[in-house]
Amino acid sequence: TSISSSDIPLKYTPDIPLPLYYQIPSKNRNIIFLLMVLLSIISAMDNGIVPAATTTIRTELGIGDTELGFFGSADYFGRLIGAICIFSLINKLNRKYLFLGAVAIKTFALCANGIITKFSVLLVLRGIAGISQVFFTIYFPVWCDQYGLPNKKTMMITIIQLGVPLGVVLGF
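Heads up: the sequence shown begins at 22 in this note's numbering, then just goes up one per residue.
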């Protein structure tokens with residue numbers, strides 16, 4: 022990957038390392054950002070699907086209101102657990118592999134949710150999906166702050182944050 026002259030600040034001196042946002046070519050930075058926005062939207066869609074399908078979920082699983090409430094909140098309980106654990110993981114593991122692992126775990130948990138019919142397993146899978154969501158919630162805004170151009174950081178973080186409610190609405 023090469024850096025074009027338009028990516029380098031006008032007063033660049035080789036003795037001072039480039040800020041992080043200049044270390045990624047702008048084309049790659051835009052692709053990464055677009056993928057993060059899409060992932061934010063897609064990964065939040067199940068939080069809209071569950072409320073929209075409560076009658077079907079209750080009927081097909083044969084559960085009551087309390088169990089349905091646990092099912093709906095299991096994702097958020099997983100996020101709570103994930104938020105506690107992520108701080109040690111994000112500094113110890115390669116972020117690229119942590120990201121890929123989170124995507125793989127989230128994908129597995131959501132796909133399995135469509136196949137499994139045992140309530141206790143579904144509850145655990147929803148919690149696991151929530152745990153994997155934490156990486157996106159915490160790291161995406163950090164990435165925008167580190168790699169976004171100074172005059173676009175706020176807009177980038179806003180767009181990333183808007184992905185969550187947009188995903189919930191699309192899921193509903």
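If you are wondering where the hints come from, they were derived from the structure by calculation, not from laboratory data. Computed from a predicted structure; not experimentally measured. One or more hints might be untrue.
[To be verified] Computed Cβ-Cβ distance ranges for the label pairs, DEER-style:
| # | residue 1 | residue 2 | range |
| --- | --- | --- | --- |
| 1 | 86 | 51 | 17 to 25 Å |
| 2 | 163 | 63 | 16 to 24 Å |
| 3 | 121 | 183 | 22 to 30 Å |
| 4 | 183 | 86 | 39 to 47 Å |
| 5 | 117 | 179 | 21 to 29 Å |
| 6 | 118 | 77 | 32 to 40 Å |
Note that the Cβ used here is the ideal one computed from N, Cα and C, for glycine as well.
For each hint, the structure was consulted:
no.: 1; hint: 86 x 51: 17 to 25 Å; in the structure: violated, 46 Å
no.: 2; hint: 163 x 63: 16 to 24 Å; in the structure: holds, 20 Å
no.: 3; hint: 121 x 183: 22 to 30 Å; in the structure: holds, 24 Å
no.: 4; hint: 183 x 86: 39 to 47 Å; in the structure: violated, 32 Å
no.: 5; hint: 117 x 179: 21 to 29 Å; in the structure: holds, 25 Å
no.: 6; hint: 118 x 77: 32 to 40 Å; in the structure: holds, 37 Å
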